[in-house]
Amino acid sequence: MALLQTIDLTRHFGETKAVNGVSLSIEEREFVSLVGPNGAGKTSLINVISAHLQSQSGQILFQGRDITHLAETERVKAGIARSFQLVNVFDDLSAFDNVALAIFAREGKTAHLNRLAHLDTAVTREADTVLEQFGLAALRDERSRDLSQGERKLLDVALAYALKPKLLFLDEPTSGVSTRNKGQIMDTIASVVRSDGITAVIVEHDMDVVFKYSDRIVVMAQGSIFAQGTPDEIRHNDEVAMVLMGTSGPDAFTTKG
Amino acid sequence: MDILVIQLLNSIFYAAVLFLIAAGLSLIYGVMRIVNLAHGSFYAVGAYVSAWAVGSVFGAAATGSWQLAGQLLLLPIGAIAVAALGALIEPTLLRPLYNRPEEYILLITFGMLMVLEDGMKLLFGGTPLSAGTIMDAMGSFHIGGLLYPAYNLVVIGVGVLAVIGLWWFIYRTRFGVILRATSQDRRMASALGLNVGSVYVKAFAIGCFMAGLGGAVVVPAQAAVLGMGIDALVLAFVVTVIGGLGSLEGALIGALIVSFVRTAGIQFFAEIELAVLYLIAAAVLIVRPTGLFGKG
Amino acid sequence: MSSVATNLSASRLLAVALPIVVILLALPQFIGIYQTELLTYGLTFAIAALGFNLLLGYTGLLSFGHSAYFGMGAYTVAFIGRDLNIHSMELCILGGLFSTFLISALFGYVCVRHTRIFFGILTLALSQVLWSLAFKFFWVTGGTDGIRVARNSITLLGGLIDFKGSGSYQRFVYSYYYYVLALFVIATVVMWVIAHSPFGKALQAIRDNETRARFVGIRVRRYRWFAFVISGLFTGLAGILWVPLNGLTTPDILYWPFSGEIIFMTVLGGFRTFTGPIVGAIAFNYLKVYAVASSQYWQLVLGGVLMALVILLPTGIVGTLPRLFGKLRRS
Numbered sequence: 001m002a003l004l005q006t007i008d009l010t011r012h013f014g015e016t017k018a019v020n021g022v023s024l025s026i027e028e029r030e031f032v033s034l035v036g037p038n039g040a041g042k043t044s045l046i047n048v049i050s051a052h053l054q055s056q057s058g059q060i061l062f063q064g065r066d067i068t069h070l071a072e073t074e075r076v077k078a079g080i081a082r083s084f085q086l087v088n089v090f091d092d093l094s095a096f097d098n099v100a101l102a103i104f105a106r107e108g109k110t111a112h113l114n115r116l117a118h119l120d121t122a123v124t125r126e127a128d129t130v131l132e133q134f135g136l137a138a139l140r141d142e143r144s145r146d147l148s149q150g151e152r153k154l155l156d157v158a159l160a161y162a163l164k165p166k167l168l169f170l171d172e173p174t175s176g177v178s179t180r181n182k183g184q185i186m187d188t189i190a191s192v193v194r195s196d197g198i199t200a201v202i203v204e205h206d207m208d209v210v211f212k213y214s215d216r217i218v219v220m221a222q223g224s225i226f227a228q229g230t231p232d233e234i235r236h237n238d239e240v241a242m243v244l245m246g247t248s249g250p251d252a253f254t255t256k257g
Numbered sequence: 001m002d003i004l005v006i007q008l009l010n011s012i013f014y015a016a017v018l019f020l021i022a023a024g025l026s027l028i029y030g031v032m033r034i035v036n037l038a039h040g041s042f043y044a045v046g047a048y049v050s051a052w053a054v055g056s057v058f059g060a061a062a063t064g065s066w067q068l069a070g071q072l073l074l075l076p077i078g079a080i081a082v083a084a085l086g087a088l089i090e091p092t093l094l095r096p097l098y099n100r101p102e103e104y105i106l107l108i109t110f111g112m113l114m115v116l117e118d119g120m121k122l123l124f125g126g127t128p129l130s131a132g133t134i135m136d137a138m139g140s141f142h143i144g145g146l147l148y149p150a151y152n153l154v155v156i157g158v159g160v161l162a163v164i165g166l167w168w169f170i171y172r173t174r175f176g177v178i179l180r181a182t183s184q185d186r187r188m189a190s191a192l193g194l195n196v197g198s199v200y201v202k203a204f205a206i207g208c209f210m211a212g213l214g215g216a217v218v219v220p221a222q223a224a225v226l227g228m229g230i231d232a233l234v235l236a237f238v239v240t241v242i243g244g245l246g247s248l249e250g251a252l253i254g255a256l257i258v259s260f261v262r263t264a265g266i267q268f269f270a271e272i273e274l275a276v277l278y279l280i281a282a283a284v285l286i287v288r289p290t291g292l293f294g295k296g
Numbered sequence: 001m002s003s004v005a006t007n008l009s010a011s012r013l014l015a016v017a018l019p020i021v022v023i024l025l026a027l028p029q030f031i032g033i034y035q036t037e038l039l040t041y042g043l044t045f046a047i048a049a050l051g052f053n054l055l056l057g058y059t060g061l062l063s064f065g066h067s068a069y070f071g072m073g074a075y076t077v078a079f080i081g082r083d084l085n086i087h088s089m090e091l092c093i094l095g096g097l098f099s100t101f102l103i104s105a106l107f108g109y110v111c112v113r114h115t116r117i118f119f120g121i122l123t124l125a126l127s128q129v130l131w132s133l134a135f136k137f138f139w140v141t142g143g144t145d146g147i148r149v150a151r152n153s154i155t156l157l158g159g160l161i162d163f164k165g166s167g168s169y170q171r172f173v174y175s176y177y178y179y180v181l182a183l184f185v186i187a188t189v190v191m192w193v194i195a196h197s198p199f200g201k202a203l204q205a206i207r208d209n210e211t212r213a214r215f216v217g218i219r220v221r222r223y224r225w226f227a228f229v230i231s232g233l234f235t236g237l238a239g240i241l242w243v244p245l246n247g248l249t250t251p252d253i254l255y256w257p258f259s260g261e262i263i264f265m266t267v268l269g270g271f272r273t274f275t276g277p278i279v280g281a282i283a284f285n286y287l288k289v290y291a292v293a294s295s296q297y298w299q300l301v302l303g304g305v306l307m308a309l310v311i312l313l314p315t316g317i318v319g320t321l322p323r324l325f326g327k328l329r330r331s
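Chains as they are written, first to last, in the working numbering: chain A, 1 to 257; chain B, 1 to 296; chain C, 1 to 331.
Treat the hints with caution; some may be incorrect.
Claimed, not checked - Calculated pairs, SDA-like style, for lysine to any residue (alpha carbon to alpha carbon, straight line, at most 25 Å): (1) Lys288/C / Tyr104/B; (2) Lys121/B / Leu300/C; (3) Lys164/A / Leu24/A; (4) Lys164/A / Arg219/C; (5) Lys77/A / Val220/C; (6) Lys166/A / Thr211/C; (7) Lys121/B / Lys288/C.
Simulated from the structure, these hints should not be mistaken for lab results.
Just chain A, same shape as in the assembly:
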């Protein structure tokens, strides 16, 4: 049974078909990259699956269960977490507090108002561990508003990861980050995800990153799935090359310069 299955999922905005009858399967432990030109509907698809947007027709099955009409908080509880293209973290809380909060929420401890947060060593230790895994340990006490863009992006991912999800959606986790740091960030994310056996779906524009880490690549265009396959299959798919890079041929996916 696939971990996640969407059946003919649709979401329009007036004339624009942002998500146009998308049927997608994600297997457990897969590392899937979602690629496509701007406006292809990648973020919209994630938004619909995570309940940031309501779908208009179609179904979403998670572990066989129909979650199409569940609110986002419930999908989180079911095991779906996500990060955001435009960073969404808790600006006035420290990096540590950000992660700790996610853990408290996961454990259902956020309803506790009679206990001091910093005395919960189980949570504080785990938060510190997560920060270390993401290379943010040194920034533990910094206000997240004061962190660099790359650090904030990592924090966004760390927040989603701290929820111990079964399925993790990362929306352009390296966008806006300098090329030098991109590799580092992706390495961190990939290693953390793989070692925990988390299923990950990543929206990414950088094809080098995509080819390097993915088990499977899903190509979207104009709200639909255009093609999918292993990196090898996609690399040799001329039509995909046209859609994504504007040229075809053996060098289509080589980055210039």
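With chain A held as given, fit chains B and C onto it using these hints.
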């Protein structure tokens, strides 16, 4: 039957004033995405300034059609004063706060409200100020066996003109297009070369002008009293809750609904008429959180 | 509270709080009866501001109608005394908290469904409904004359302490000061725990980024409602404690300018800190007494100062002090 007609006219009269206030509030919110808590106080300032001006220049014994014409011409001065005040306030007190969390704008406009309310007490004293001479001079006419003040029709006329005028201004003029563009997407408008700062101060001044005009036209019929600003603020908010913030049609429909409910309410449940309005507002918000026509 | 790690070790906290409590305990000996009474007022407002700031500083919700809960507490005590002839302060507190709970749960339920702007409007409108009810049903509420709560009828500690007989005014002022002080300390400790609990962190998360809070699984509306009710209860407690001191409750404390005062004291002290509201309330209390004495138009002064604070000193007294000390140390 006559009473029904009079109630109808009263409702429309009241709705005209409410529309002016609420449309101003909605315009400011629609373009600038800020809520001015002192908006009701601007309405009150408009009323006071107009009443004071008319009273000072023409005095209590003004009679005759020249005098009347003069008073009518002078009446909008309250609106102009308020617009000027708004044009001063926006760049100095509001602009520094646009990048801060929205509580700051609410806090500062609340401070403005306090200053204005006490300022009116200071400047105009506790006794009500009226421009009733205008209403008297215009006389009344018969509806069936009852008399109805002619001035109220003037107010209704102003309201109708305002609806048409605003609609035309926003949808048919170049500046209206600029306003709508800025309200849709501030950064884009700026990137396209529009001077957002200048648009903002003008939009704010126009919104304040509307509130002041509401006060100016109401004051021949109802004296300016302390506390009228707060009542107006709450009513304007009920109107925008029902009709939606940022929408012209919403301000109109909301004003009509609130006005009719209030008129009916006063007849039957004078004690709890305000409560009925709040209940309607709460009910609308539960069903449609952004109001009937609101922008989110 | 403002994000960066606070040294929350017990010893450091006690080092700061203990001297203050000791001073507050000893003060009445030195400042005389009038000042003691004044300080008692300050402490009740501090409780109100603490409650208010749970909503503003921690949850990011600006309420313009907190006078409703203060007034509810005060009027309930007055009703209990007048109609049920119960004068035990403890029972009055219980009764007042109960009615405040009902009102804040109801109003909160309606208000937290909305965006921040409509939230503020609704809180204002609902508090004004209460105010107009206090006026219109004057045969119940005493209208503008209000209801008296005679100090010498009150009993403290289950009847152990009463204020009948000679010297009762003196005894009342001093005993009541310590009573309020004790409750103030308890309220502060409770609020401190709440603010630093996982729940408090969740509120701050909601304040900072409502979307992200949802996406870590926090049910935002429900948490806002909890915060609203707790906030209302604290402010209600303040009203309950205030009315025997004032001797009288009138619709004035339900009227919107009083909500403005609560906002003002919180902003004055600094709404992004825990202790800001306390400092602001006490400072404001003195400010008001001396300002009202010197000018009729003190609402004008208040409004002007509020505007200046928002633009020039947005972090308030407590928020600005660290920066000031930093500058002084460097120079």
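Outcome of the hint check:
1. Between Lys288/C and Tyr104/B the CA atoms are separated by roughly 23 Å; this keeps the pair inside 25 Å, and the hint holds.
2. Taken as a hint, the Lys121/B and Leu300/C pair is honoured in the structure, with Cα atoms around 10 Å apart against an allowance of 25 Å.
3. A threshold of 25 Å between alpha carbons decides the hint, and for Lys164/A with Leu24/A the separation of about 23 Å falls inside it, so the pair holds.
4. Proximity of Lys164/A to Arg219/C is assessed by CA-CA distance (about 18 Å); at most 25 Å being required, the pair is judged to hold.
5. Among the hinted pairs, Lys77/A with Val220/C is consistent with the structure: their alpha-carbon atoms are about 14 Å apart, no more than 25 Å.
6. Restraint check for Lys166/A and Thr211/C: satisfied, since their Cα atoms lie roughly 21 Å apart, inside the 25 Å limit.
7. At most 25 Å may separate the alpha-carbon atoms for a hinted pair to count; Lys121/B and Lys288/C meet this at roughly 19 Å.
The structure shown violates none of the earlier numbered hints.
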